[in-house]
Amino acid sequence: QLQLHESGPGLVRPSETLSLTCTVSGASISNSDDYWGWIRQPPGKGLEWIGSIYHEGSTKYKPSLKSRVTISLDTSKNQFSLKLISLTAADTAVYYCARHMATHSWYVFGWGQGTLVTVSS
Amino acid sequence: QSVLTQPPSVSGAPGQRVTISCTGSSSNIGAGYGVHWYQHLPGTAPKLLIYSNTYRPSGVPDRFSGSKSGTSVSLAITGLQAEDEADYYCQSFDTSLSGMVFGGGTKLTVL
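Just so you know, the protein sequences line up as chains E and A, in that order.
Residue 88 in my numbering is what sits at position 88 of the first sequence, and the numbering runs on without skipping anything.
Going from the second sequence to my numbering is simple: count from 1 and add 121.
Since the hints were made in silico from the structure, they are not lab data.
These numbers come from a predicted model, not from an experiment.
Ideal placement from N, C-alpha and C gives every residue a C-beta, glycine not left out.
Among the clues, some could well be false.
[Said to hold, decoys possible] Derived DSS-like pairs: lysine-lysine, alpha-carbon spacing no greater than 25 angstroms straight-line:
| hint | chain 1 | residue 1 | chain 2 | residue 2 |
| --- | --- | --- | --- | --- |
| 1 | E | LYS45 | E | LYS77 |
| 2 | E | LYS83 | E | LYS62 |
| 3 | E | LYS45 | E | LYS83 |
| 4 | A | LYS228 | A | LYS168 |
| 5 | A | LYS189 | E | LYS77 |
| 6 | E | LYS66 | E | LYS83 |
| 7 | E | LYS60 | E | LYS83 |
| 8 | E | LYS83 | A | LYS189 |
| 9 | A | LYS228 | E | LYS77 |
| 10 | A | LYS228 | E | LYS60 |
| 11 | E | LYS45 | E | LYS60 |
| 12 | A | LYS189 | A | LYS168 |
[What the hints assert, rightly or not] Beta-carbon label-pair distances, calculated as ranges:
| hint | chain 1 | residue 1 | chain 2 | residue 2 | range |
| --- | --- | --- | --- | --- | --- |
| 13 | A | GLY151 | E | LYS66 | 22 to 28 angstroms |
| 14 | E | SER72 | A | THR175 | 32 to 38 angstroms |
| 15 | E | ALA90 | A | SER217 | 32 to 38 angstroms |
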């Protein structure tokens, strides 16, 4: 059974860097023919795709976030990670890691429970 | 401003039928990319309800159905139940952004 679990700090200071890790069980991220991605939801707002990584390491990022985002794989630990630099209050959100199709318009069929990240001094 | 447009809210009485629309453009729905629907309850992970416009994953009740007409797609929920009260999001792929796009979400209230 596929399970994804986010981990990382709940509070980050403005201008600093957010690092989140998603631990995957029930599937191998290196053998999967799908994307592994990050999606967030700011308080009171809708879902926003941040970016995704394919099993061979190629990445896709939302253009407006591309200059601040890095997503990487750690196949030895079956994890993938998000790094977001130069944080502002607008980055406060629940962050979800997810598994989605590489075809079929990228529907998401696996989600983590989400982790709240607050950007505040 | 979301790439896909949904009504902010819909409501219906128990047992009734409601529909939620999702409108896109020539770089997503109009380009032939499929639309997917998620149900999101507070404090939980979103749940896939419909994929590729009309397909239901196993375990999703047949009270939920999807349809497509041109650049507009819809989610229909029949036989409304109190437990259906949630936020619903449509999602697709956009060629201009080369990535995933969502609607702004629709809050369903069961009266």
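Each hint, compared with the structure:
1. With a C-alpha separation of about 33 angstroms, the suggested pairing of LYS45/E with LYS77/E is violated against the 25 angstroms cut-off.
2. Our distance criterion of 25 angstroms between C-alpha atoms is met by LYS83/E and LYS62/E, whose separation comes to about 14 angstroms.
3. With a C-alpha separation of about 22 angstroms, the suggested pairing of LYS45/E with LYS83/E holds against the 25 angstroms cut-off.
4. At roughly 15 angstroms between alpha-carbon atoms, LYS228/A and LYS168/A fall within 25 angstroms of each other, so this suggested pair holds.
5. At roughly 41 angstroms between alpha-carbon atoms, LYS189/A and LYS77/E are farther apart than 25 angstroms, so this suggested pair is violated.
6. Distance check on the hinted pair: LYS66/E and LYS83/E sit about 11 angstroms apart at the alpha-carbon level, within 25 angstroms; holds.
7. Under the criterion of a C-alpha separation no larger than 25 angstroms, the hint pairing LYS60/E with LYS83/E is consistent with the structure, at around 14 angstroms.
8. A distance of roughly 37 angstroms separates the Cα atoms of LYS83/E and LYS189/A; the hinted pair therefore is violated under the 25 angstroms criterion.
9. Proposed proximity of LYS228/A and LYS77/E is contradicted: the alpha carbons are some 38 angstroms apart, above 25 angstroms.
10. Taking the CA atoms of LYS228/A and LYS60/E, the gap is about 30 angstroms. The hint is violated against a cut of 25 angstroms.
11. With a C-alpha separation of about 23 angstroms, the suggested pair LYS45/E and LYS60/E falls inside the 25 angstroms cut-off, and the hint holds.
12. Between LYS189/A and LYS168/A, the direct Cα distance comes to roughly 20 angstroms. Compliance with the 25 angstroms bound is thereby established for this hinted pair.
13. Our hint of 22 to 28 angstroms for GLY151/A and LYS66/E holds, since their Cβ atoms are close to 25 angstroms apart.
14. Distance hint check: the CB atoms of SER72/E and THR175/A are about 36 angstroms apart, consistent with the given range 32 to 38 angstroms.
15. Range check, ALA90/E to SER217/A: Cβ separation about 22 angstroms, and the 32 to 38 angstroms hint is violated.
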